[in-house]
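With the hints as a guide, bring the two chains together.
Spelled out from the first residue to the last, the chains are:
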Amino acid sequence: MSEPRAIVTVDGLSVSFDEREVTHGVSLKLYPGRITALVGESGSGKSVTAMALPRLDPSVASVKGHAFLDEGGDGGDDAGKDAASGHDIDLLADDAPLQRIRGEYIGTVFQEPSTAFNPVFTLGMQVAESLKYHQRNLSAAERKAKVLEQLREVGLQDAERVWSSYPHELSGGQLQRVMIAMAIINRPKVLIADEPTTALDVTTQQAILKLISSLAAELDLAVLLITHDMGVVWQAAQDVYVMHDGVIVEQGSVGEVFRNPKDDYTRMLLAAVPRLHVEESAEPAIATVREPEPGKPDVSGQPEESDDAGERAALGDGRRAASIEGVSVAYRPGKYAVEDISFDLVAGRTRALVGESGAGKTTIAKVISGQLSPTRGRVLIDGEDLARAHGRRKRGILSHMGYVFQDSGSALNPRKSVAWSISEPMSVQGGFSQADRRKRVLELLDQVELPADVADRFPHQLSGGQRQRVGIARALALSPSLLIADEPTSSLDVTVQRRVLDLLHRLQVEEGFACLFITHDLGIVQEVSDVITVLRNGHVVESGATDEVLNHPRAQYTRTLLDASPKIDL
Amino acid sequence: MSEVTAPAGGTKRGSAAARSTATGASADRSPYLRSSIIVGGVIVLLFVALAVFAGPLSAITGNDPYAEHPEALAGSVPAGFGGGISASHWFGVTPLRGVDLFSIVAYGSRISLGIGLFSSVISLVIGVALGLLAGYFQGLADALISRTMDVFFGFPFLIFAIALSVVVPQSFPRPLLLTLVLGFFGWPGIARLVRGQTLTLSKRNFAVASRVMGASPAHVLWHQILPNLMPLLIVNVTLSIPGRIGAEAGLSFLGVGMNPPTPSWGRSISDAVQWALVDPMYLLFPGGALFLLTFGFNLLGDGLSDAIDPRKGVRA
Chain U
1 MSEPRAIVTV DGLSVSFDER EVTHGVSLKL YPGRITALVG ESGSGKSVTA MALPRLDPSV
61 ASVKGHAFLD EGGDGGDDAG KDAASGHDID LLADDAPLQR IRGEYIGTVF QEPSTAFNPV
121 FTLGMQVAES LKYHQRNLSA AERKAKVLEQ LREVGLQDAE RVWSSYPHEL SGGQLQRVMI
181 AMAIINRPKV LIADEPTTAL DVTTQQAILK LISSLAAELD LAVLLITHDM GVVWQAAQDV
241 YVMHDGVIVE QGSVGEVFRN PKDDYTRMLL AAVPRLHVEE SAEPAIATVR EPEPGKPDVS
301 GQPEESDDAG ERAALGDGRR AASIEGVSVA YRPGKYAVED ISFDLVAGRT RALVGESGAG
361 KTTIAKVISG QLSPTRGRVL IDGEDLARAH GRRKRGILSH MGYVFQDSGS ALNPRKSVAW
421 SISEPMSVQG GFSQADRRKR VLELLDQVEL PADVADRFPH QLSGGQRQRV GIARALALSP
481 SLLIADEPTS SLDVTVQRRV LDLLHRLQVE EGFACLFITH DLGIVQEVSD VITVLRNGHV
541 VESGATDEVL NHPRAQYTRT LLDASPKIDL
Chain G
1 MSEVTAPAGG TKRGSAAARS TATGASADRS PYLRSSIIVG GVIVLLFVAL AVFAGPLSAI
61 TGNDPYAEHP EALAGSVPAG FGGGISASHW FGVTPLRGVD LFSIVAYGSR ISLGIGLFSS
121 VISLVIGVAL GLLAGYFQGL ADALISRTMD VFFGFPFLIF AIALSVVVPQ SFPRPLLLTL
181 VLGFFGWPGI ARLVRGQTLT LSKRNFAVAS RVMGASPAHV LWHQILPNLM PLLIVNVTLS
241 IPGRIGAEAG LSFLGVGMNP PTPSWGRSIS DAVQWALVDP MYLLFPGGAL FLLTFGFNLL
301 GDGLSDAIDP RKGVRA
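Keeping their order, the protein sequence lines are chains U and G.
In terms of UniProt numbering, the first sequence opens at residue 1 and continues consecutively.
In terms of UniProt numbering, the second sequence opens at residue 1 and continues consecutively.
The shape of chain G in the complex, shown without the other chains (with noise of 0.2 Å):
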């Protein structure tokens, strides 16, 4: 008798063949150059680099987001191919006004990534810290978070938001409203999710060692469950940012968000509503702005979490 393969073994040894060339290709490259990390983060680069250099880039073409040209408009709507683009005005102009709409997206980026990152921040530090303290302390310091974060659950945050605004005097800067509103209404979510991490980390025995050792609750806290935790924080951040960009323009679409003139996606998205069918472009560029940032963000967050958890990396 010759020797026997089993044919079913050897088909699957056929794909075993072709999974350990695909992985042997990627074992010796780090698990974070895949093609969803690059491309988002390509993409959240370039917005960094327009929200940073928005001053000069915009002052290549001699234009800023308040400059109105009449002589870019055919009556009230941009003349000329797509929206009024040309040489100086690269994204073309608004109707009505003729503001040159590149300098809009290139400075409302400021503003969305501003906003989206620093209420990102806020939200963090304080759904971090009263997570861990609700997950370690059980008992009464637990029960009071918990509650206090089903209140912050249940709370309708656009009426919130909405009535803010009117009360809160014009002069306040709007940009620090904006981020203080949706970083304290953003931390329950991440609260939530400490709290439960914590719950089981903290029953870990390497938590349990610390504690043999006489460990306090900080040290137990900052060197044993906070390093753990650290993965799981930077995939949901990354991917609550593109919900907030979203948020800040959804609150100035409803005109409680920035005041005019200050550029604004979210504005120009919602004054472009109007003009929808007659310049279509004034939505494109502002819209394809929003979803192109959001869509960065999610990817790189995404990719994020397939490179940090061994077993979902395995699977994709």
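Next comes chain U alone, as it looks inside the complex (with noise of 0.2 Å):
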């Protein structure tokens, strides 16, 4: 028993969807207290090969292959293997005891946790719900006691409240545990997590990926953790399969494939990633020197934490696109959803805005935009207060400004063909007439290397990536001095993402705008940007030059940020 026996064993597996395969032959193994990851981008079929062993496959799916899971423990002695397989469980048979198998066997946990519960009962009458199907000889007290010590396990300290809680009353992260507690309130063997953390911030992440870890270590649980992140499988996982159109291009443990990876999608895939790379050496003595009292935000309002100076140096001397000047907004009177904010954005250079969910970047941007009038303070568009401008002369401002959507999907026109949403800020504008349009408009699907074709397609014929690059090309099409960028790349697959970053680098090179990117990312922050903002509750937390704040954080939180980060370092 040298070596440990894997508690599923998947063999050819392959799923097919109207006669059409879409994963061809997988072979998996799970070991007992490992974290298994199944990485690839989206359409390569992960999903789909972890959903078939709960049987939780769509009902047009026709599943071939084997799939069997050990029950372990009674076989655990010498009886070998042959009769040890006696008491394997055929999870493709179509007498396999699904309710067995799904919630005893196996636990899933999803990727959207709001999404995942029902949102009219309380949260421990859904995890209550597990013990009732499998676990019949409780009463009801021994069934709350036994969730609410299931959730404590999961962390939850305050387990009585969230036995009592709605689903709209926790957070994401507070979701996740505990979708995890239901997830393995029956002591599966086998943990299958669908992008656990795809839907929630770095901090959170961090915390979830530990949980699970720990929980493996544990309850020797075998965990199937499917994500498109890299960073989270290096963060998490001992073994890893990449998995590239429904096939398995390579497998091994993690520090393998990551060091030396033989396929070259994986090497790609390795490559696209934005990578952090901070100076580990120069932390810890900044961090002795300031240490703001742990606990307490900043809320002084001036940037507590600021390298001015650096700052400078790394904007240069171009000309101001943009002057954001001491702006708050309130949505409710007194309540500041961003407050007392001031930065310059100047032409050529890339300011990133970082900052969890609720951090008040988007705020941002629409206040720069537009779409929201400052509370207090002004925003300058090339010395023009924005705010006050209305009409022609508000049109006329914006034409300077291009803006990014996170999903450029939804920011065009499903009706409307892509050349007529790429000229629509020209319509907007006025004063070309129908032939430069259509100049302007292949000269940009050009620059955002789109062959020439797509300006008669529509948006739904096009891919997330091609979207994208419509969505800049529209952004691009008055050469404004300011782009604004909201998340461009965050629904896009790494390998896409990679290449738009490349494109969005080379078009300010280009044509030399101002660029305010948005992100929650820290690897891309370090590749695109020159001036980093970080933002915590509407407040600026930190300041300065990117690469002083990556490898020098002055305050506790982007610090916290940092450490969060998934640091794929060889």
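Hints are not guaranteed to be accurate.
Claimed, not checked - As a list, the in silico DSS-like pairs of lysine-lysine whose alpha-carbon atoms are at most 30 Å apart:
#1 U:Lys439 x U:Lys394
#2 U:Lys132 x U:Lys144
#3 U:Lys210 x U:Lys132
#4 U:Lys335 x G:Lys203
#5 U:Lys394 x U:Lys335
#6 U:Lys335 x U:Lys262
#7 U:Lys394 x G:Lys203
#8 U:Lys29 x U:Lys394
#9 G:Lys203 x U:Lys416
Stated by the list, open to error - What follows is a set of in silico ranges between Cβ atoms, one per label pair, in the way DEER data are often shown:
#10 U:Gly396 x G:Val125: 54 to 62 Å
#11 G:Leu199 x U:Arg393: 25 to 33 Å
#12 G:Pro231 x U:Ala141: 51 to 59 Å
#13 G:Pro231 x U:Val509: 40 to 48 Å
#14 U:Ser373 x G:Pro231: 33 to 41 Å
#15 U:Gly43 x G:Leu199: 42 to 50 Å
#16 U:Arg393 x G:Pro169: 26 to 34 Å
#17 G:Thr148 x U:Gly318: 51 to 59 Å
#18 U:Thr203 x G:Val125: 28 to 36 Å
#19 U:Arg388 x G:Phe157: 47 to 55 Å
#20 G:Leu199 x U:Pro333: 20 to 28 Å
Hints are computed from structural coordinates only; laboratory data are not their basis.
Glycine residues also receive a C-beta, built at the ideal position from the N, C-alpha and C atoms.
Put into structure tokens, the structure is as follows:
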């Protein structure tokens, strides 16, 4: 028994929809106490593969192959392989005990915790539900005691409150913990986690991954972690399977695959991941010098930790495309979403606006683009106050600005052609003939590396990356002096993200616009930005030259963010 | 071990195969080529042809909807089979006066279709304009328009229409009056629909993108919101026409619609009810025409809504 026995063995698993095979002969093994990552880009078939094990595949799918779950336990002595296989459960058999498999043998955690719970029942009821079907002899009081104990085990100390809460009363991270509690309450042997942290902030992501790791170790749980994020794989998993177009292209231990990738696709995937490089050695020295009181948010308004000289040096003496002066926004009187924000955007330079969800990043973008008027302070675009301008003048100011949305699919009118959408800024401003507009559209398509025949297609006929390029082309239609990019790559696969980031960089060099780049990913920040502004709860926590801030963070919060961010260091 | 195919998956695969051939056959065809649209469209087109060519069609047998044919009557009841059906009177004649029923149905379709279509257009224009304004400009405009809609919804339409027909001088053309009354009372339904859609569409990113470019409300409403409303409006109007045709017939039935002797399905039905036991065919032809036309529009509207909304299409 020197070599651990695999608890789940999948052999030649193929899933097809409407006679079209989407995964081809996938084989993998899960070991107790180990986290195995299944990594791949969207459409690679990783979720379909994993969901075929508890038979949660869509009803139109047909599944071929073998998948066995070793019931272990009683077969744990020296009975040998042949005898032990008698305890195997064929997961794909048509008489497979589905109810026992789901919950008792395999627990499942889904991607979006806020939609995975039923909003009209308390969380306690929903967690207790799985006990009802798997441990039938428990009384209601015993069930509640068990649920509370389980909630505490996943790190929810105020279990009583969670028990009687409704899903909307908890944060995403807390909900994901409840979901994990629900998945493991019947002590399954296998936990399938389908992108469990994708919808969460980095600090929450780190906590959830730590929880899953410790549960795997304590409960001897075999975890199948499905993710698209190489950073998550590095942070949490021991073994990794790389999936591409329905085929496992590479497998092995995480260290081995990351250090020494053999497959071209794995190499490309790893090369595309934005890496965060920080000088670890420099950190502690500064940490001891300036330690803000923990737990106390910076509410002083002025950036407490800013490196003005470094920031000025990084910005250079280019033209100020926009300056934000003491901007505060209150959605409700007295409650500020962002307070006293000031910074400049300089031609040819990129400022990254970083923070977790709810920090006020998008609010600032809305103020700069004139969708919101600041409650206090002002925004000057090329020296003109946007909030005071109306009609033609406002339109004139906005013509100096391009806006790239997070998801260009939703920012393109589904009933208009690509050419129409790209030329829309020109129709809005007026003064361009039909021929001018067409010529400019083709020029822009060429600039964003799209073929000319895309012009007459509709958004639904394009891929996510192509749509984002169209969104960028539209933002650049009037050669703006300022480009606002609101998480422009967060809905894209890493390899596509890599190409879009490269494109944005090249265009900035060519066009010389100032860029405000909003993101939550510190890895991207390091690549694209010259200066960085870190936001928390509507306040600037720290700002300065990017390398300086990332390597020598002065604010405690910046350090927390940096620690939580996945760093692949080989 | 041989290749294990989960039998559950196997049966699923069978149904999937059946589905794929079904969709495969229709994949290369336009979604608009579905039976409900074809049948409904043919029915509507037949009635349009009947309305346009009412004159020539009636003239084939030398009839018009006003001439009386006492020779076709036996006493006061039409002579012969089926209410007097003959080579010269395809649908028979009316009792008492012996007017050719085919001419009445043919000319009556002009009134029904005309009032149905034009009152829909009036409702559509008012409803879309006010709905867009109410949905896009929150605050005063929205409050005013929405409260006006509430008043219209709460207003007893029938009583108003009856009162109006008494007040308006007889010299005022009746078809025009009915079109206007139905048109002005029909807009709040459309306006409410358009307002709701505008509220959500104006918060969609493509509308926000336009505003960030500095686009005027007119640009956003015309280029971004209206095109996305089109499918909904087409379906809604198609489905509302039969209701209006029925309303015209109802008003004429109550005696406040078309004045005699103008041919009208509603008034013919009203007259025929009194003869239903003696001469049932008199009720059958105008009633059947009304049924068939509203049925045609309903089929067409349902089919269009399935064809335009891809999710509905899958379910159907």
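Discussion item. So, against the hints stated earlier in the document, which numbers end up violated here?
Written reply: The structure breaks hints 6, 8, 10, 15, 16 and 18; every other hint is satisfied.
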